[in-house]
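Here the protein sequences line up with chains C and V, keeping their order.
The first sequence finishes on residue 1437 if you use this note's numbering, and the numbering steps up by one all the way, no holes.
The second sequence finishes on residue 163 if you use this note's numbering, and the numbering steps up by one all the way, no holes.
Accuracy of the hints is not assured; some may be wrong.
Said to hold, decoys possible - Below, simulated EDC-like cross-link-like pairs (lysine to aspartate or glutamate); rule was C-alpha separation at most 20 angstroms, straight line: (1) K47(V) x D62(V); (2) K123(V) x E1418(C); (3) K47(V) x E1419(C); (4) K1411(C) x D110(V).
Rather than coming from a laboratory, the hints here were simulated on the basis of the structure.
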Amino acid sequence: MLAMLRKGGRSVSDLAEPFPMSLQAAMKHIDVLSNAGLITRRKQGRTVACAFRPQPLKNAMRWLKRYEREWEERLDRFDEYVTALQRGESS
Amino acid sequence: MKTDGKDEVLTFQRVVDAPRPIVWQAWTDPKHAAKWWGPAGATVPVFEADLRTGGSFRIEIEHSGNTSRVEGIYEEIVEPERLVTSGSLTRNGTKLCDTRRIVTFEDDNGKTAIAVQQTFFNLAPEAGDMSGGTKAGMEEYFDRLEAHLRR
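Model the full structure from these sequences, guided by the hints.
Spelled out as structure tokens, the structure:
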């Protein structure tokens, strides 16, 4: 469903159509995606339009990238610390 | 990195010009670790560690106005070659994820090769957005999605 929405907004029935499940079951999937903040829903006349909202995934990825950078810095510090320790410069 | 909701794994490697017993001590002894733990510019006001299998640890890191807390247990300690810990990471009071870290130390011609493998579980979608609330973690969300698919 997310793959479909990445290509553009879809109505709930369009989203449910390719899957071998009831419309009711598809609605449950859509609820889960919506609760996780990954899609938005908007009423348009008699249909509900869904759109992909990538921000939560982007946020998590951004944080991991930052964490990765912090670990490299940590290893730099460790390297410096151990080198100093060996020279007897550190208590 | 994957975005399919499975566990995220980061790995780091470094060769340090010091023999393994010294590297092990500097890494595991709170007295030493508190002096280098955390990213550049960080301070470590709390580093409590009961260094034995099943023992717990609690570390607080102050960095760029943020307070991070890591709490967990030592799953496996094989001095001076292997250290496995698991715990959770909280920043400014918001839990970001659970983690498991495997650190191995190998002799390398008088130097020591360090390998860190860190796995993240239950990564919160708002992890990159510190002002975020407390939405369900990515893992929980995908678990629920999977459970729905199996119906």
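Here is how each hint holds up against the structure:
1. K47(V) x D62(V): holds (18 angstroms)
2. K123(V) x E1418(C): holds (19 angstroms)
3. K47(V) x E1419(C): holds (13 angstroms)
4. K1411(C) x D110(V): holds (17 angstroms)
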